[in-house]
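Asks: Sequence:
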Amino acid sequence: MKVIKSIPKVLLAFLTSLFVFFIFNHSEIPIHAASSDAINTSANVMAQYDGITNWKLQRYTPSNQIGEIPIGGNVSLGYTFGAARNASGKVTGGDNTITLSSTIGSAKLGPNSSAPTINNSKINIFLNNNGKYYGILHQGDSSYIGSGGHPERASDTSIDFALITGKQDSYFYNDMNVLANLETISSEPGSSKLFYTGTDANGRPAYKLAGYYAKKSVFVQIVLKADPSGAPIVWRELYVYNPNGPAQYQTFYGEDTGLNPNNNLTDTVDSVPMFAIGDKKGLYLRSGADSNGVNYDPASKLFITNDVAGGFKDFMGRTLTNPGNWSIKGRSGSGNASSITNPTLPWTSSPNETQNGDTNLPANSNLLVLNENTPQEYKVVDSDGRQDSAYTLRWPQTNSTTASVERFVSKIGATISGYAIPTMKLTYKNMIRNDGTNQVNDRLHFNISVRNDGLGSNWTISRILNAMPKGLTIDPKTSVSLTNGNSIDYNPNSSIAVGESADFSFDAIINNTAPYNLDAKGNLTNKANVFGNNSGQNDTRELTDSVTIPVQIPKFKYRFTEQLRNETTNPNGAFTNRVTAQKDDIIDYKVDFVSNGSSIVSNAYFYNKFEADDGLELVPNSVAWNGNNYNTMDVPMGALQNNQTYTVTFKAKVTGISQKATSNSASLIYGLDGDTAYSNRMDVEEPAIVDIQDAPQTTAITEVPSGIDFGSVNSAGFERLLKNISTTGNLRITHAADSPFQVSVSYDNDGDTPISSNGNKLVQDDGNTLLLNQAKKDTTDLWKPLNAFPTAINFDGFNGSYKDLDLTKYVGKNKWQLRVPANSQAGQYNGQVTWSIEDTLAE
Numbered sequence: 001m002k003v004i005k006s007i008p009k010v011l012l013a014f015l016t017s018l019f020v021f022f023i024f025n026h027s028e029i030p031i032h033a034a035s036s037d038a039i040n041t042s043a044n045v046m047a048q049y050d051g052i053t054n055w056k057l058q059r060y061t062p063s064n065q066i067g068e069i070p071i072g073g074n075v076s077l078g079y080t081f082g083a084a085r086n087a088s089g090k091v092t093g094g095d096n097t098i099t100l101s102s103t104i105g106s107a108k109l110g111p112n113s114s115a116p117t118i119n120n121s122k123i124n125i126f127l128n129n130n131g132k133y134y135g136i137l138h139q140g141d142s143s144y145i146g147s148g149g150h151p152e153r154a155s156d157t158s159i160d161f162a163l164i165t166g167k168q169d170s171y172f173y174n175d176m177n178v179l180a181n182l183e184t185i186s187s188e189p190g191s192s193k194l195f196y197t198g199t200d201a202n203g204r205p206a207y208k209l210a211g212y213y214a215k216k217s218v219f220v221q222i223v224l225k226a227d228p229s230g231a232p233i234v235w236r237e238l239y240v241y242n243p244n245g246p247a248q249y250q251t252f253y254g255e256d257t258g259l260n261p262n263n264n265l266t267d268t269v270d271s272v273p274m275f276a277i278g279d280k281k282g283l284y285l286r287s288g289a290d291s292n293g294v295n296y297d298p299a300s301k302l303f304i305t306n307d308v309a310g311g312f313k314d315f316m317g318r319t320l321t322n323p324g325n326w327s328i329k330g331r332s333g334s335g336n337a338s339s340i341t342n343p344t345l346p347w348t349s350s351p352n353e354t355q356n357g358d359t360n361l362p363a364n365s366n367l368l369v370l371n372e373n374t375p376q377e378y379k380v381v382d383s384d385g386r387q388d389s390a391y392t393l394r395w396p397q398t399n400s401t402t403a404s405v406e407r408f409v410s411k412i413g414a415t416i417s418g419y420a421i422p423t424m425k426l427t428y429k430n431m432i433r434n435d436g437t438n439q440v441n442d443r444l445h446f447n448i449s450v451r452n453d454g455l456g457s458n459w460t461i462s463r464i465l466n467a468m469p470k471g472l473t474i475d476p477k478t479s480v481s482l483t484n485g486n487s488i489d490y491n492p493n494s495s496i497a498v499g500e501s502a503d504f505s506f507d508a509i510i511n512n513t514a515p516y517n518l519d520a521k522g523n524l525t526n527k528a529n530v531f532g533n534n535s536g537q538n539d540t541r542e543l544t545d546s547v548t549i550p551v552q553i554p555k556f557k558y559r560f561t562e563q564l565r566n567e568t569t570n571p572n573g574a575f576t577n578r579v580t581a582q583k584d585d586i587i588d589y590k591v592d593f594v595s596n597g598s599s600i601v602s603n604a605y606f607y608n609k610f611e612a613d614d615g616l617e618l619v620p621n622s623v624a625w626n627g628n629n630y631n632t633m634d635v636p637m638g639a640l641q642n643n644q645t646y647t648v649t650f651k652a653k654v655t656g657i658s659q660k661a662t663s664n665s666a667s668l669i670y671g672l673d674g675d676t677a678y679s680n681r682m683d684v685e686e687p688a689i690v691d692i693q694d695a696p697q698t699t700a701i702t703e704v705p706s707g708i709d710f711g712s713v714n715s716a717g718f719e720r721l722l723k724n725i726s727t728t729g730n731l732r733i734t735h736a737a738d739s740p741f742q743v744s745v746s747y748d749n750d751g752d753t754p755i756s757s758n759g760n761k762l763v764q765d766d767g768n769t770l771l772l773n774q775a776k777k778d779t780t781d782l783w784k785p786l787n788a789f790p791t792a793i794n795f796d797g798f799n800g801s802y803k804d805l806d807l808t809k810y811v812g813k814n815k816w817q818l819r820v821p822a823n824s825q826a827g828q829y830n831g832q833v834t835w836s837i838e839d840t841l842a843e
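Numbered according to my numbering, the sequence shown spans residues 1 to 843.
Since the hints were derived computationally from the structure, they do not count as laboratory data.
As the structure is a computational prediction, the values presented were derived from the model and not from experiment.
Heads up, a few of these hints could be off.
[As the list claims (entries may be wrong)] Calculated lysine-lysine pairs in the DSBU-like style (CA-CA distance at most 35 angstroms, straight line):
| # | residue 1 | residue 2 |
| --- | --- | --- |
| 1 | Lys167 | Lys132 |
| 2 | Lys379 | Lys470 |
| 3 | Lys660 | Lys803 |
| 4 | Lys379 | Lys167 |
| 5 | Lys379 | Lys429 |
| 6 | Lys583 | Lys557 |
| 7 | Lys776 | Lys815 |
| 8 | Lys761 | Lys803 |
| 9 | Lys167 | Lys56 |
| 10 | Lys429 | Lys557 |
| 11 | Lys379 | Lys477 |
| 12 | Lys813 | Lys776 |
| 13 | Lys583 | Lys815 |
| 14 | Lys521 | Lys313 |
| 15 | Lys803 | Lys815 |
| 16 | Lys803 | Lys813 |
| 17 | Lys280 | Lys425 |
| 18 | Lys660 | Lys723 |
| 19 | Lys784 | Lys803 |
| 20 | Lys583 | Lys521 |
| 21 | Lys215 | Lys583 |
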């Protein structure tokens, strides 16, 4: 007998539960009961609803297999049918009793107590602690695999599933117990079940047993599979297929717990108290101490929840035996006391307030203590005065119809001290309307909640990832540090302790493509992933959850897309949303609009533009619409009919020389259903992006001034020396090498382009014409006359590698002088200078 010294109360919270079972209809199939073919046929029917697509039948007294879900380090949660250990306590498979017909027996627990047992095929959930079996359910004497073992006794004092239609004690473990009443398969004497193996969508093992339950003329399958989120939780499912006519029953599940790491104990009573999770969501237990009062090492934790479609509605903690009726909680304070009558959890279609077990108890209520914290407090015990922990689950009464499949589910999770049980939940709320509908342009607020329900642990969250499905667009107000394209993707670098939660929220918009991307039921599905690890350990795990979002199809249903291609590098290529380009490349744009709802565009106007800093300029006369060309991207389109694609095309030349991503989004301004005013506006679904690449790094003058203006003057017979009043344009250069270079200017008064007016040169003697104030360190004025040979604009030269370096300050206002001779004739004078760049030798 185990004695508990102290059990701290720990709240184990879960998210909203669905206390329902699913009813699926399927066409009636003629079945010959208790034949292997009939059971296999029914299993294929039920397989359409269990989420596993690759079931494989294992024939002829097959051995069991072990499924495991990582918890952290070398610890995992194991699940199987039958035994899962050898005589030395090592985790192993190979139990070949799991398809044999189940038998009823009895186990002596104490001087005045015993418990009915059911052998073969029992559900076995356990912890694998570095290869060693750590029990969380009571295991029968010598229930191990190998010489001298009795693997058929695995989980023998648990009843698993029962389909009840009465109140006799034996209905739970004998007369109406599922395993105890499966008919022997005619082709396989001694067997009453078929065993199947498969894998879920995440590649985790799944197992099921299928058989024929003649008492209700139904076929059943019991399924064990991993929680799809990746958390260390196992789903225990019962599917009931009714091909033969109406059937009425109430589903129960009962389990005898036993949290201890020792596999050779002869004690059969665990004395482990249980507590309510709260909010009608289930119960949890923590390991206690052995008969000498020594706490089990490592300590462990177990919980059972209904936060799943098809989950149980009611639950009750109880002592295992005397009374043996699983609807009775136990005895009130003494082994000689009478059975407790309030609460109970009996077979009933309409339970009263005393018949709901512990379902309505607040969080952390001790399920084996009644009237807690009152003068009337007493323990729940068996006939020996001990607390051998067990629990019962109950679903609402079922009235199944012909060819229906019902599903009943409970979830069980466990861990040992030092390891987290991380769970996540993805939810959303419509921030625009609260009538239960979701429409295009609605803003949805998503929340990812991550909780640690482990024991003595912290869980570090390293990544939140939520790639939006087609039909959802992340709200542009969302911080860019959280996003990667149309995905939430960032590292919150947060840690959550036991009992704590962390929430991460963002908004997304239902965009106009949603109606085109709904599943057969009219839903979008958003799936989120959370990555993390037990703090201080390198055991990264991924959690997953998803939500379905029903979307109403609007009257105005449309697609509006903008794509592009690089005509210079790929003139016949496909149009896409993104291309790369360099200076002087030509980009083809194509904008398509199509609508096919019940509303019609009665008047439309196409609008688009390039910004000054886009690095793109519209190619003249390249805008094409309806057989006409335009020199602007403001195009009236008129009425647009449904089910017809309308296309506007245009071209742009790349003018940018520096790396940059330039996006462009066209707009449509429109009226609907007879409205000719432009009352509405839409932008394209995704911008078309040009990734402008750096121009090839060369040594060159990339821009020169277009004019040097010296103003006007009346010489009045006097020679003048004029400074320029302005310089139009810029002097820019690119120099590839990281080395010295010089930029120079020259003027040839005897050349082809001297400063002249109507063929008359301004200066006709051999004197100076044009001078430049050459820059020099620590010198203000250093005027250099220009001639046919290059003159440096900076006496000290330049050094280094530059791209698009602006040198305008060296040749700007007041940097030039023009000599105007006394005999100059009136007129407007123009001429040209020549610029050059060359590498120089390092000093």
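Asks: If a hint holds in the structure, say so; if it doesn't, say that too.
Replies: How the hints compare with the structure:
1. A C-alpha spacing of about 40 angstroms is found between lysine 167 and lysine 132, which places the hinted pair above 35 angstroms, so the restraint is violated.
2. Restraint check: the Cα-Cα separation between lysine 379 and lysine 470 comes to about 57 angstroms, which exceeds 35 angstroms; the hinted pair is violated.
3. Using a Cα cut-off of 35 angstroms, the hinted pair lysine 660 and lysine 803 holds, with the two alpha carbons roughly 14 angstroms apart.
4. A distance of roughly 25 angstroms separates the Cα atoms of lysine 379 and lysine 167; the hinted pair therefore holds under the 35 angstroms criterion.
5. Between lysine 379 and lysine 429 the CA atoms are separated by roughly 44 angstroms; this puts the pair beyond 35 angstroms, and the hint is violated.
6. As the CA atoms of lysine 583 and lysine 557 are separated by approximately 39 angstroms, the hinted pair breaks the 35 angstroms bound.
7. Restraint check for lysine 776 and lysine 815: satisfied, since their Cα atoms lie roughly 13 angstroms apart, inside the 35 angstroms limit.
8. With a C-alpha separation of about 38 angstroms, the suggested pairing of lysine 761 with lysine 803 is violated against the 35 angstroms cut-off.
9. With a CA separation close to 38 angstroms, the supplied pair lysine 167 and lysine 56 exceeds the 35 angstroms bound.
10. For the hint linking lysine 429 to lysine 557, the alpha-carbon distance of about 23 angstroms falls within 35 angstroms, and the restraint holds.
11. With a C-alpha separation of about 57 angstroms, the suggested pair lysine 379 and lysine 477 falls outside the 35 angstroms cut-off, and the hint is violated.
12. Among the hinted pairs, lysine 813 with lysine 776 is consistent with the structure: their alpha-carbon atoms are about 17 angstroms apart, no more than 35 angstroms.
13. Only pairs whose Cα atoms come within 35 angstroms are accepted, and lysine 583 paired with lysine 815 is accepted, the gap being roughly 32 angstroms.
14. Note on lysine 521 and lysine 313: the hinted pairing holds, with a Cα-Cα distance of about 27 angstroms set against a maximum of 35 angstroms.
15. Of the supplied pair hints, the one linking lysine 803 and lysine 815 holds, its CA atoms being roughly 24 angstroms apart against a limit of 35 angstroms.
16. A threshold of 35 angstroms between alpha carbons decides the hint, and for lysine 803 with lysine 813 the separation of about 24 angstroms falls inside it, so the pair holds.
17. The straight-line distance between the Cα atoms of lysine 280 and lysine 425 is roughly 18 angstroms, inside the 35 angstroms bound, and the hint therefore holds.
18. Note on lysine 660 and lysine 723: the hinted pairing is violated, with a Cα-Cα distance of about 40 angstroms set against a maximum of 35 angstroms.
19. A C-alpha spacing of about 28 angstroms is found between lysine 784 and lysine 803, which places the hinted pair at or below 35 angstroms, so the restraint holds.
20. Proposed proximity of lysine 583 and lysine 521 is contradicted: the alpha carbons are some 49 angstroms apart, above 35 angstroms.
21. For the suggested pair lysine 215 and lysine 583, the alpha carbons sit about 82 angstroms apart, so the restraint of at most 35 angstroms is broken.
Checked against the numbered hints above, the structure breaks hints 1, 2, 5, 6, 8, 9, 11, 18, 20 and 21 and satisfies the rest.
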